[in-house]
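Chemist: The lines below spell out each chain.
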Amino acid sequence: MDFDPVLLARIQFAFTVTFHIIFPTFTIGLASYIATLEVMWLWTGTRRYHHLARFWTKIFAVSFAMGVVSGIVLSYQFGTNWSRFSEVVGNVVGPLIGYEVLTAFFLEATFLGIMLFGWNRVPPWLHVTACIAVAAGTAMSAFWILSANSWMQTPAGHEIRNGIAYPLDWVTIVFNPSFPYRLAHMVTAAYLTTSFVVLAVGARYMISGRYMPEARTMLRMGVGFAAIVAPLQLFIGDQHGLNTLKHQPIKVAAMEGHWDGSKPGALVLFAWPDEKNERNLFEISIPKGASLILTHDPDGLFPGLKSVPPQDRPPVKNVFFSFRIMVGIGLFMIASSWLGVFLWWRRRLFSSEWFLRPMSMMWWTGFVAVVAGWVVTESGRQPWLVQGILRTADAISPVSGAQVATTLALFVVVYGIVFSMGVYYINRLIEKGPEVVTTAPSKGTALRPISTAADAGRKVL
Amino acid sequence: MEWYLPVIWAALIGTAVVMYVILDGFDLGIGILFPFTRTEKERDLMMNSVAPFWDGNETWLVLGGAGLFVAFPKAYAIIMPAMYLPVIVMLLALIFRGVSFEFRWVAKTSKKYWNLAFAGGSILAAFSQGVILGGLIQGITVKNGVFAGGAFDWLTPFTMLCGLCVIGGYALLGATWLLIRTDGVVNKRSRKQAKLLLIAVLVGMGIVSLWTPLQFDRIAMRWFSTPNIYYLWPVPVAAAALAFGLWKWLNDGRDLPPFLAAIGLFLLGYFGLVVSNYPYLVPPSLTVWDTAAVPASQIFMLIGTLVLLPINLAYTGLVYWVFWGKLKEGEGYH
Ligand code: HDD
Ligand code: HEM
Ligand code: HEM
Numbered sequence: 000m001d002f003d004p005v006l007l008a009r010i011q012f013a014f015t016v017t018f019h020i021i022f023p024t025f026t027i028g029l030a031s032y033i034a035t036l037e038v039m040w041l042w043t044g045t046r047r048y049h050h051l052a053r054f055w056t057k058i059f060a061v062s063f064a065m066g067v068v069s070g071i072v073l074s075y076q077f078g079t080n081w082s083r084f085s086e087v088v089g090n091v092v093g094p095l096i097g098y099e100v101l102t103a104f105f106l107e108a109t110f111l112g113i114m115l116f117g118w119n120r121v122p123p124w125l126h127v128t129a130c131i132a133v134a135a136g137t138a139m140s141a142f143w144i145l146s147a148n149s150w151m152q153t154p155a156g157h158e159i160r161n162g163i164a165y166p167l168d169w170v171t172i173v174f175n176p177s178f179p180y181r182l183a184h185m186v187t188a189a190y191l192t193t194s195f196v197v198l199a200v201g202a203r204y205m206i207s208g209r210y211m212p213e214a215r216t217m218l219r220m221g222v223g224f225a226a227i228v229a230p231l232q233l234f235i236g237d238q239h240g241l242n243t244l245k246h247q248p249i250k251v252a253a254m255e256g257h258w259d260g261s262k263p264g265a266l267v268l269f270a271w272p273d274e275k276n277e278r279n280l281f282e283i284s285i286p287k288g289a290s291l292i293l294t295h296d297p298d299g300l301f302p303g304l305k306s307v308p309p310q311d312r313p314p315v316k317n318v319f320f321s322f323r324i325m326v327g328i329g330l331f332m333i334a335s336s337w338l339g340v341f342l343w344w345r346r347r348l349f350s351s352e353w354f355l356r357p358m359s360m361m362w363w364t365g366f367v368a369v370v371a372g373w374v375v376t377e378s379g380r381q382p383w384l385v386q387g388i389l390r391t392a393d394a395i396s397p398v399s400g401a402q403v404a405t406t407l408a409l410f411v412v413v414y415g416i417v418f419s420m421g422v423y424y425i426n427r428l429i430e431k432g433p434e435v436v437t438t439a440p441s442k443g444t445a446l447r448p449i450s451t452a453a454d455a456g457r458k459v460l
Numbered sequence: 000m001e002w003y004l005p006v007i008w009a010a011l012i013g014t015a016v017v018m019y020v021i022l023d024g025f026d027l028g029i030g031i032l033f034p035f036t037r038t039e040k041e042r043d044l045m046m047n048s049v050a051p052f053w054d055g056n057e058t059w060l061v062l063g064g065a066g067l068f069v070a071f072p073k074a075y076a077i078i079m080p081a082m083y084l085p086v087i088v089m090l091l092a093l094i095f096r097g098v099s100f101e102f103r104w105v106a107k108t109s110k111k112y113w114n115l116a117f118a119g120g121s122i123l124a125a126f127s128q129g130v131i132l133g134g135l136i137q138g139i140t141v142k143n144g145v146f147a148g149g150a151f152d153w154l155t156p157f158t159m160l161c162g163l164c165v166i167g168g169y170a171l172l173g174a175t176w177l178l179i180r181t182d183g184v185v186n187k188r189s190r191k192q193a194k195l196l197l198i199a200v201l202v203g204m205g206i207v208s209l210w211t212p213l214q215f216d217r218i219a220m221r222w223f224s225t226p227n228i229y230y231l232w233p234v235p236v237a238a239a240a241l242a243f244g245l246w247k248w249l250n251d252g253r254d255l256p257p258f259l260a261a262i263g264l265f266l267l268g269y270f271g272l273v274v275s276n277y278p279y280l281v282p283p284s285l286t287v288w289d290t291a292a293v294p295a296s297q298i299f300m301l302i303g304t305l306v307l308l309p310i311n312l313a314y315t316g317l318v319y320w321v322f323w324g325k326l327k328e329g330e331g332y333h
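Chains as they are written, first to last, in numbering that gives the first Met the number 0: chain A, 0 to 460; chain B, 0 to 333.
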């Protein structure tokens, strides 16, 4: 049997990177949430915040471990599966990833030790500092990796000689045209995703009448935060799309299902894009709607898919449907969080079971929107791996299809086991709930590490 | 500049690799020693002795890989496809060992499976790293600047031996680490294990030191030609002295010196490998200069590294300081 290494490597990368992004999405949000809880605990002295911080830290630990191990796989796959990628754009993309390691990965991985194990070893202020350092590390990590990915979408600040990219201006490279939008959209996505998880857990406890004080706090924080950030996300996403129209118009054409650029674009609510015959089947749409959104003019024109030959078009269905899933979830998030705030205002948030019960099952919405968003971004860039510079098919390593197929099968099996166990364990931790301990932040522990270290030092030497 | 930059970068990446080997070496070593325990309590203690550190330790592996990608993209693009299967097996093994740290504590009835995953993952990861190292030493087939060998070029008796040596070496680091961090049963057993492992490691190092010059002429030339041999003879002598000291300190019941001596042995072995292969990054054909990124990229990254690496080392030190000392039973977990 003959395997196509390019197709298999694409499937493998899509599989491993999709698996990975689930965890950063959650840990970026959760690290900030835990840091916030701890600051509030120190500030107000309210025990509830401390219980919640300890509870979420356990879940954070499990998610973070899965994020780390799946991330290491990716950074090596650049070499194993896409070795031409490192040769052609390594001069430019390499340092961005290098800075990610030095500014982000060390920070988060090192302070994680104190965050998870330091509760009784270090004074509270140092523990809070460690939490903030981990949160800052995750955000910094997003900064650099999204800069690298954005450069692949909208390359700038470089020149091409003999087919190899050389850096000219690092500031332009890092802050390439799509980067600010992508960073804002992704970090907001992470916070939004986490707030829906917190909301769901709060709702779950509230319905079953357990951990009521903690549940109330989670519900208020979740609903309040999402109600502000979800509309913000719609705005950022809209600006992001306008920017993409400028730099990757064919991607936008695929998102909108827009074939013929000589006519104004309709806002397609549903359709089945028929790539062979270059049209939409079963289309339900608002005429001129897309033109109005994208050009602010109902008769405005923007490029259609037919303006490039078929081999230069992305897989339209992936982009088209993923875009609708993401935006659909975004609209659902706005509606549900506003409804929650309304109920809160009417003092019915904690008693409206018809609201809490469905919300307790909606923890997954953000994750699905994030993965859908990435499929829009990455599939929409095809057939390019680095827009205009390197085609995906030309980036493959000199490895055989059989090798890629074997490792793909291994990844599917291993990730299947690890992922399902991870989700199962996280669910078990949630089921167990926060431990309501009664230790106040004691100042006495502050001296412990110093004295134990000195003791130990004397003993071993 | 064109001449120095790649050398500076090779030294930096070499440092990252050394840091990785020593730091993740001792916590992989804990996993390798896991099957030789009796009770769940001992296993808890052993795992707690490295739990706050493993993630930071593993980050040096990311730095090594990313450093290669940044500074020597062409070498990265050749070595990774050449070592395709061992690299991916190592990554999968690291997944099992990494998640075991967290899963094992949450698991109830399935704890034994995560013990197995932790031990198996550590052993397999160490073995794969040895195979990758051996595969590099024995050389990679390159034509027109790309990897041109087969999928199983790395599979030779020599690389298998290197895999076993790395398992033994990491186990030695792990056993001596446990002397520092534990008392009682675990301390006593680790002391015994360390002695056996020291013998195994010395035998392994001896075989590799004889095998490489016999099989690879370039390495024989490097060591046994004049004037090199006048400068290099202290290396094996120092190794012997360290091994002797290690043995003695183990017998005398000391806790910290054996760990330091084990690190010393690793450093000497590493120095030997560098001597054998300099200036090749992809032996036997491509040097550090052939595979370097453009100076603009190397300089941009070098500035950041010189500022950030000392900071990273400082807070890594802080975390080791916070958790230093003997562990008590039942202490430690979140
Ligand atoms: C928006 C954020 C984001 C995105 C797009 C990615 N990652 Fe990631 N990555 C993180 C955010 C993150 C994170 C938040 O920093 C980590 C730390 C733990 C976790 O759950 O995610 C992480 C961990 C992590 C690690 C382990 C770090 C350690 O040792 O501590 C590596 C090597 C990578 N990632 C590499 C990648 C690569 C090669 C990606 C692209 C293909 C990638 N990540 C996409
Ligand atoms: C620096 C960051 C990233 C780089 C360098 C990168 C690179 C790549 C590469 C090499 C491929 C394979 C070629 C292909 O099949 O199209 C790919 C595809 C893909 N990536 Fe990314 N990616 C990055 C970030 C992400 C993230 C964070 C996600 C989130 C899930 C993601 C999702 C995908 C998906 C879904 C595909 C498959 C697209 C398709 O095959 O049509 N990517 N990307
Ligand atoms: C509410 C309306 C939304 C709009 C109009 C919108 C718009 C967009 C657009 C146009 C892109 C593609 C950008 C490109 O590739 O050039 C995108 C990508 C993405 N979206 Fe959304 N989005 C919305 C909601 C959401 C929500 C709710 C989430 C997650 C919680 C989300 C997560 C993402 C992610 C992770 C990406 C890929 C990264 C990126 O390119 O920024 N989006 N979005």
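Hints listed in this document are in silico derivations from the structure and should not be mistaken for laboratory results. Hints may be right or wrong, so weigh each one.
[Said to hold, decoys possible] Coverage of chain A stretches by chain B, computed from C-beta distances (three or more under 8 angstroms per stretch; other residues unrestricted):
1) 273-282
2) 424-432
[Said to hold, decoys possible] Quick list of simulated restraints, FRET-style, between CB atoms:
3) Leu312(B) with Ile159(A): 47 to 55 angstroms
4) Ser284(B) with Phe14(A): 33 to 41 angstroms
5) Glu1(B) with Thr43(A): 38 to 46 angstroms
6) Asn426(A) with Asn143(B): 36 to 44 angstroms
7) Pro156(B) with Ala392(A): 34 to 42 angstroms
8) Ser109(B) with Gly327(A): 53 to 61 angstroms
9) Gly149(B) with His295(A): 53 to 61 angstroms
By construction, the Cβ of each residue, glycine as well, lies at the ideal position given by its N, Cα and C atoms.
Chemist: If a hint holds in the structure, say so; if it doesn't, say that too.
Modeler: Outcome of the hint check:
Look at the segment 273-282 of chain A against chain B: 0 of its residues bring a Cβ nearer than 8 angstroms to a Cβ of that chain, fewer than three, so the hint is violated. Three residues within the 8 angstroms Cβ limit are the bar, and the segment 424-432 of chain A against chain B gives 3, so the coverage statement holds. With their beta carbons about 38 angstroms apart, Leu312(B) and Ile159(A) fall outside the hinted range of 47 to 55 angstroms. Range check, Ser284(B) to Phe14(A): Cβ separation about 34 angstroms, and the 33 to 41 angstroms hint holds.
In this structure the supplied range 38 to 46 angstroms is violated for Glu1(B) paired with Thr43(A), their Cβ-Cβ distance being about 60 angstroms. At about 53 angstroms, the beta-carbon gap between Asn426(A) and Asn143(B) misses the expected band of 36 to 44 angstroms. A C-beta distance of roughly 38 angstroms is found between Pro156(B) and Ala392(A), which places it inside the suggested range of 34 to 42 angstroms. At about 38 angstroms, the beta-carbon gap between Ser109(B) and Gly327(A) misses the expected band of 53 to 61 angstroms.
Look at Gly149(B) against His295(A): about 59 angstroms separates their beta carbons, and that is inside 53 to 61 angstroms.
The structure fails to meet hints 1, 3, 5, 6, 8 from the earlier list, while all remaining hints are met.
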